[in-house]
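Start from the sequences and build out the full structure, keeping to the hints where you can.
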Amino acid sequence: MGLIFFIIAIFLATCSSINSCPPSDLAALLSFKAALHEPYLGIFNSWTGTDCCHNWYGVSCDPMTRRVADINLRGESEDPLFQKAGRTGFMSGSISPAICKLNRLSSLTIADWKGISGTIPPCIASLPFLRILDLVGNKISGEIPTDIGRLTRLTVLNVADNNISGTIPRSITNLSLLMHLDLRNNQISGTLPRNFGKLRMLSRALLSRNRLTGSIPKSVSNIYRLSDLDLSFNQILGPIPDTLGKMPVLATLNLDGNQISGILPPTLINSGVSILNLSRNALEGNIPDVFGPRSYFTAIDLSYNRLKGPIPKSILSATYIGHLDLSHNHLCGPIPDYQDINFWNEPILFKKFEALKFAGVTPYKGYPI
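Residue numbers (mature numbering (1 follows the signal peptide of the UniProt record, and there is no 0)): -17 to -1, 1 to 352.
Treat the hints with care, since some could be wrong.
Said to hold, decoys possible - DSS-like mimics (lysine-lysine), calculated; alpha carbons at most 25 Å apart, straight line:
1. Lys122 x Lys16
2. Lys229 x Lys296
3. Lys16 x Lys67
4. Lys84 x Lys67
5. Lys122 x Lys97
6. Lys84 x Lys16
7. Lys97 x Lys16
8. Lys84 x Lys122
9. Lys181 x Lys201
10. Lys122 x Lys181
11. Lys97 x Lys67
Since the hints were derived computationally from the structure, they do not count as laboratory data.
Below, the structure written as structure tokens:
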């Protein structure tokens, strides 16, 4: 009888060992935790025991291998833990290089903690299965790892709202599966890689409020899936490639607050772009008289440029324009007559013409010019 109990005990111990995470993953998580301090919510209170695959907050394991596959720690969440505390999270410390020992990691999200500083461990680039890297909303400094392009499975790279400096690594164009790139609100300088267009799967490229210089690479127009391009509030120079207006799914183009010069490409006016913001640049010449049925703008802002000439009459043929701002240019002549023109039963309103000169203009339905 004693032998039977001994065999059962050995069997249960073996099963328990098989079902728990490996000691190497456990040690890596504990080292990762030791480098962080979260004083208000008790995020790490559940990180006890030897089975990191069972009820450890924010940790998920592969059900077959029992290796740690996902770390999802967000400082802003509707999780009951946050609801009970009645506050968003705050965490200080840094991201330990020990995280790189989790070599089966698929997603790493450490977002919106406001106080996490330090740098992105360069060894992050050695995680062969990483698909999501989301570090938004912290105080991370330093540079994006030079070898980031080794993460060939990466689909999401989000390091927005940090203090990251340096340049965009040239290897980033090797991320052939990347769909979402968000580098907003950092201190990134230098130019966009000339072969940026190699990111053929990219749908969103958000790089506003950095210190980027140089021109917009023509290769961008090769990204056929790109729907949202935001380069606003940088120091971008040169002309707008006319091929941007020929991109099949580009819906939002924000280039405001740069030093872009040249003319407004006609291709952007009669395209599928619905939000076009080119304000506060140095665009010259006339507004192309090519509005047509494909011109469907939720918002179009061309203010604070050096545009001249009349407002094109073809604007009457646009399918819809929700918000139009042409103020602070050198336009002249009359506003096209909209007395009988409605777009989806909503009259277009010219609200912002403080700096314009018109000849023989009567404000439309009494709205101030």
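- Item | Hints breached by this structure | 4 and 10
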